[in-house]
Every structure is written in C-alpha cells, then in structure tokens.
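S.K.: Residue strings, one per chain:
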Amino acid sequence: MTVATSKAGQPAGGKRPVGAKKSPETERLERRLRETEACLDAIRTGEVDALVIHGPRGEQIYTLKDADRPYRLIIEKMREGAVTVRPDGLILYSNRQFAAMLGIPLEEVMGADLFGLAAPESLEGLKTLVEQSQVAVASGDVEFRRRSGGPLLAYLSMAPLAIDGIQTLSVVVTDMTEERRTQDERARLAAIVSQSLDGVLVLDSGGKIVYANPSCRKISGYAASELVGLGMETFDAELVSPVFAGLEKDGFWKGRVARARKDGTVVELDVSVSPLRATEGTISNYIIQFRDVTHAVDMEKKIRQMERTEALGRLAGGVAHDLNNILMPIMVNTELLLEDTEPGTQQHALLRNIHEAALRQKALVSRILSFTRKANPSFLPVRMGPLVDEALKLLEPSLPASVTIRCVANSAGDTVIGDATELHELVTNLFTNAIDAMQANGGVLDVSLTDVLLGEGDPALGLGPGPYMKLTVRDTGCGIPAHVLDKIFDPFFTTKQTGKGTGIGLSIVRGIVKSHGGGVSLVSREGQGTEVTVCLPAARAAAPEVKPRTLAKGEVVRGRSVLIVDDEDMVLDTLRRAVLSLGHRPTAVKSAAGALALFRSEPLDFDLALVDQTMPHMNGLELAAELKRTRPDFPVILVTGYSKVVNDPTLRQAGVAEVVMKPLSLKDLAAVIDRVLAVPDQEV
Amino acid sequence: MKARSPLKGKKRKPAFRTEAFERALRSGTGGTYVLKLFVTGTTPRSVTAIANIKRICEEHLKGRYRLEIVDIYQQPELAAKEQLVVAPTLIRKLPPPLRTFIGDLSQTEKILVGLDLRPKPEKRG
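Which chain is which? The protein sequence lines are Y and V, in order.
Add 41 to a position in the first sequence, counting from 1, and you land on the number used in this note's numbering.
Add 104 to a position in the second sequence, counting from 1, and you land on the number used in this note's numbering.
Bound conformation, chain Y alone (with noise of 0.2 angstroms):
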C-alpha cells in the first residue's frame, strides 16, 4: 500500500488565473479535492477516533487512540532502554533512554546497526546474546561506546518478539556505568586495606573489633576470627585513656609500642589510630594501623652503635698518635741505658722489663690504630707468611695462657696482590675471633698457608680456576650455634657477649676478601670449634724482599750528619740521644722553620733529616719538599704517629726516602739510617 506524492503536487496553495473559466470536470475535481482535505485534515487533526479500511476481508476498523497506549508509553518512560532489533542487529526502535545513554540523536540509533554500537571487546559476547535470545529469554554484560568515547557498561535483557511475522528481539538496557564503577572502586579500596602491609583493625563506636585485614596476623600471629569481637582494651589496657585524649585533642593518636606477638616474640610497632565518622558527623567506628618496624628500630640500634664505633675509632687514632709520642722516648732511652748497663745485673734486667712492657705497648696502641681503616687501599705485591707472623707477634701481649699457637706455612708463593694494611685486619680479626673463642677453656690456634690451584674454580666461594694462597685459621673453641651460622657474615651480627664484639669483624672480613677477589668460608660445630678459609688470588710474580740492604755484612755506617726536627722535646732529645749513640752527628731543631733556615745557610753540612710528620705551622712533608727543592738528593725520613699517613702514597711522591712508625725502637733507627744512606752508595 504504497503512494507516491508530491508535495508539490499539493494544490492547497495554489493560484489560478484571475478569470479564468472552471470547467464542469474541473470544478467536479476541485470539490473532491476539498472534500479529500477536509478528510486529511480531520485525521490530521484528531477529529476522528478510527479509521475504516477496506481490505480483503472486509472492512477493519482501526483506532487511532490505541489500547496499547498505556504500555506504549510505559517503554517511552521508564528509566531503562528499550530496543527492538532484528537479529543481524538492525534498530527497529528505540526508545530516548537507550540514546541518550550512548549520547546519540534516537532519530540516528533508529535504524542503526547493534553490533556496530557495541565497544569492539564485547562484540562476541553480544553476537551470543542475540544467538541465544532467539530460543529464550537471555541476559548479559555488554560495553557500548558512547559517543564522547567513553564506555556504556549495560546489562542486556533480551527476548523474542515477533512482529507481523518478522523475527525480532526486545530488548532491555540497564545502564551498570556508574554501579560498576562504584563496584570497582569500592573492590579497589578493599583491596587496598586488605592487601595492605600495614595491620589495619576497623573497631566500631564501642570499640570492639569489627574487620581485621591478613597483615594483621602476619603481624600479631593472631587470625582475624581470633581478634573480630575483641575489644581495644584486651590488647593494650593501659593505652585506651591516651588513645582517646589523643582522639579528643587532635582527632587522631600515633605512637610507638611494643607488643607481644601471639607466639610471644616482641614486635615493635608505629601504631596510628583515627575515627571513621559518618555522613552526619557522628563517629562509627574507629581505624586502627599499625606498621612493624621491628627491623627498622633494630637497625637504628645498629647504626647508632656504627657511629659509636667510627667515634671510636677517630679517637683511637688520636689517642695512638700520642701513646706513640710518649712511647718514643721511654723504649729508646730504655735502649740506651740497656747498652750502658751489664747484662747480669740488676740494673740490667730492670730496664729490660721496661723494654719488655714498652714494645707490649707498642703492640696494644697497633692494635688501637686497626680501628682507623684507610679509605683508598692501595694494591701492591704482599707476601702473607711475614704478615701473619707479624699479626700473631702483635696479639701475642693479650693472648691468654690457654691458648697455644701453631703456625703452618707451606707456601713457596706466598705474595697476593693487596693492601697490606687491609690484608693486616683481616687476619687479625680472624685470629681475634679464634683468640676469644677459646677465652674460657684454652685450645689450639691453627694457622696455615698453603698454595692451592683450583682447575675448576670454586663456585660456592665465587672463584674462578687459577692459582690461590690458602689460609686457613682454626680453633677449638666454642663454635657457633648451627642456626646463627648464615649470619654469621652480616654486620653487627654477633654471638660474643654484650660489651665483648662489635659484631662487624667478620662481615670486614668479607669485604676485604671480596675487594681482593677472593672467597671466605666458615665451618663450625657448637662445642668443638670453628675454622675459617680465606683463598686469594696467588700473585704472578713475588713481592720484592722488603730488605733493601746494600751494606756488607758487619759493615756499619757511621759518622754522619743528622738533622733531627720535632716539635717535642723529649722525642727530640731522645731521637738525638739515639743518634748519638749510633755514632753519628745529631743537630736537633725544634721547629720546622728553624731546620729550614739552618738547612738553607749550609745544605752540604747535612747529610740526612729525620723529619717528625705532625709539626704545627709546617708539617714534615711540607718540610721534605722545601728541603729537597734547596737539595733535590738530599734524602728525608718521615717519623709519624699516624699509622693512616705511613701508607699514603704522597709522601713517597714527595721524595720521602722512607716513613717509620713511632715509637722507633733502637734497632729500628740504626736499619733505617743505613738503608737510607746505603742506597746512593749502591748505585755510584
């Protein structure tokens, strides 16, 4: 039932001719063509209430106020949209509300394609809905886009429907958006305070336990069923007035406390507590959080005893600069009386008993100075044998008579490539630790030196084949207790008695090795002993002998000119003492500046200067320079109290034939005069 019009076509309008003749056809046609609008314009207009059709079957009436208004206007006004769509997804309605959900003008979503709607990762998911609702009634989740971009997340109620035998589907639209993202917010946020490190307790208004997140039993060992309908005060009685002074004051409480876990172990932790308060302002329950920092306060506990201990060791070097000073004097004037007196007499034997206690102390301000650790370690050839005679030599003052030592060295190679000094630590802490592992019963102390070529490396040591020097400290002392054996290595951890170790020997040992390539490891059985190994890397070629001596044997050198500087007198006097007494001619000068003056007036009168390195004004290497820029042969030995200086490679740059450690004993002296005064002789 087709018709094609024109509007144009339309003769309500229309001019005709002023004048103009009707003729009996057109006149006929006019009438009907009123009368035709009059038709129209009563339906047009609501004047009749149904229209009589006459089809194949007769005449029907058609309302125009239609039965089905009411429903009609129920899918026009309700919230959700209402779609009518063929099952390749053609719109054949839709209602506002479906538009303007996805933004769009209804006259554009009529007639539109469904599929063509839907947000690409949902396109499956709908093709099914619309398969399935063909047979039944089926809903479903699926994601529109809308317009501006952005996502319709709308649960879909789909059913068949046909209309004058075209298949079609009703369906209903539930715009989720804003639910879900109320669902997906509060998931968020739940997941946030359950997954949560820090223990959070929700309590409700009268202070009973309502929630508690899983951190809460990692933290308290207590299981949320076992804290849920507790109360505050079970916990912490004595905290409740604080905590809600705290409350009523600021709105909020923070603090520290320690508490017993559930297995009794003590946990320190920074609790926070805050009100929840309700729309209406009244409070409905109360938050409670709670951080373990255990781990953080221990570890403040250890840096605090770190810089006690740096404190310690800045002050130990002081302190050994002046022990040195004093040493000086009473081991060489000790000497020196001991060449005048008989052996065999009283006299004698006093004085070798100073001698003996002043080298004990010599030995004790050494070890004072380990303390100090260098900064820059500088790697040269070391041999290891001499090293760790010289280190037992040192410990031997304090070492208990229980204890026996038994050195072993094997070692044909004995040279690794290192810092002497740190090399010196390392040894000493390992013989320390072996030393007061057999404080109480006494025991053997095994040291041995061994070469050792690894084919293969040794991965649990971290080396790599090649050639080693093998050491190896053993005890048969107490042992460490199997549990404590994998920390043993880490700073601060220790098993001596409070006051007895700082807990950071062997994690310096560690790192010493480390620095120098090579590997530690540790065995131990409770109550039987320890036995530490230390592998480094075997040096190429052997450290030069330390001796450089020249001069033939007996043969003495004597009669030279000494100057001597130092700012204090009894070192001064002592050094020329000394000086004396090995037959050479001492100028003592108690200031740097006055050695100058006196070098410069006569620089070939001299032929060596003992230079004390902490002067005030000028210090002994400053000194050096200027004496070696008026006489650039002229050679210059440091005397120092600061074991830190004797290895900055600067003053050998400076031209210092030689540094030496106060305090000098007499022998000391007498070897380094004739090495430094040999050496030019050697190469004439």
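Just so you know, the hints here were simulated from the structure itself, not pulled from any lab data.
We treat Cβ as the ideally placed atom computed from N, Cα and C, and that holds for glycine.
Certain hints may be false.
[Stated by the list, open to error] Label-pair restraints from in silico Cβ distances: (1) V:L202 <-> Y:A141: 29 to 35 angstroms; (2) V:E162 <-> Y:T320: 53 to 59 angstroms; (3) Y:E321 <-> V:E162: 56 to 62 angstroms; (4) V:L202 <-> Y:A228: 55 to 61 angstroms; (5) Y:S64 <-> V:E162: 46 to 52 angstroms; (6) Y:E66 <-> V:P223: 29 to 35 angstroms.
Given chain Y's structure and the hints, the job is docking chain V onto it.
M.R.: Relative to the frame of chain Y, chain V by itself:
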C-alpha cells in the same frame, strides 16, 4: 504530479536520461541521499518500513545516504514540521525535488523509481 514532469519530457530519450541521472548522482550534493522515515513505535508497518528502506539503501545507496528514522510518538516535534498525515512516511530530503512515500515501502521497484534509482518504466506514467 509536477515533480515528475522533468523526467516525463525526457521519456523518449532513455539513454540520455540515464546519463543525466548518473551525472546528477555525481554532482551537487555529492550524490548523498538524505532520507527521513517517520514511524510509530513498533507497529508492524513501521517495523517493515524500516527493514525495507534499510535494505534498499544498503543495496543501492551504500555509503552515500543518510537515513533518519523518527518515531513520531517519541519525537512529535520532528513530525510537526513535515505536515504528516499518516505513518509510515518516507521523505526524500535530498537530492531535490522533495518526495514523499507512504506505507511500508515494500514495493521496491516503485521506491527505486521514486528515488531516481531506476528509470521510470516506459508504459506507465
């Protein structure tokens, strides 16, 4: 029936007329058809009309038509301008001249002719 007269005059030269039609498709509006279909909710003829015009457009005007479907129940304001008497009614807005089709648009040949997508059959007029 004035609207048909331009075509009527070219009745004896069908070849030329087709050419003119094709030229018209390419010129002016770029050949884009703007169609408005007025329907009443999900009544059977409305639904049929939508299905029919969509099929015709997809088959003959794919990519060069804009179809708006107005439910006069929900958007009576859009219907008022058009002096509608009955629904479904299809109005060809572009290209000119304005043309109106009433009913469920099931007589495809007639619609195609009315949309100038088919030469007008010789015998009829």
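S.K.: Run every hint past the structure and note whether it holds.
M.R.: Going down the list of hints, with the structure as the test:
1. V:L202 <-> Y:A141: 29 to 35 angstroms: Since L202 of chain V and A141 of chain Y have Cβ atoms about 31 angstroms apart, the given range 29 to 35 angstroms holds.
2. V:E162 <-> Y:T320: 53 to 59 angstroms: holds, 55 angstroms
3. Y:E321 <-> V:E162: 56 to 62 angstroms: With Cβ atoms ~60 angstroms apart, the hint holds.
4. V:L202 <-> Y:A228: 55 to 61 angstroms: holds, 57 angstroms
5. Y:S64 <-> V:E162: 46 to 52 angstroms: holds, 48 angstroms
6. Y:E66 <-> V:P223: 29 to 35 angstroms: Cβ of E66 of chain Y to Cβ of P223 of chain V: about 32 angstroms, so the range 29 to 35 angstroms holds.
In summary, the structure agrees with every hint in the numbered list given earlier.
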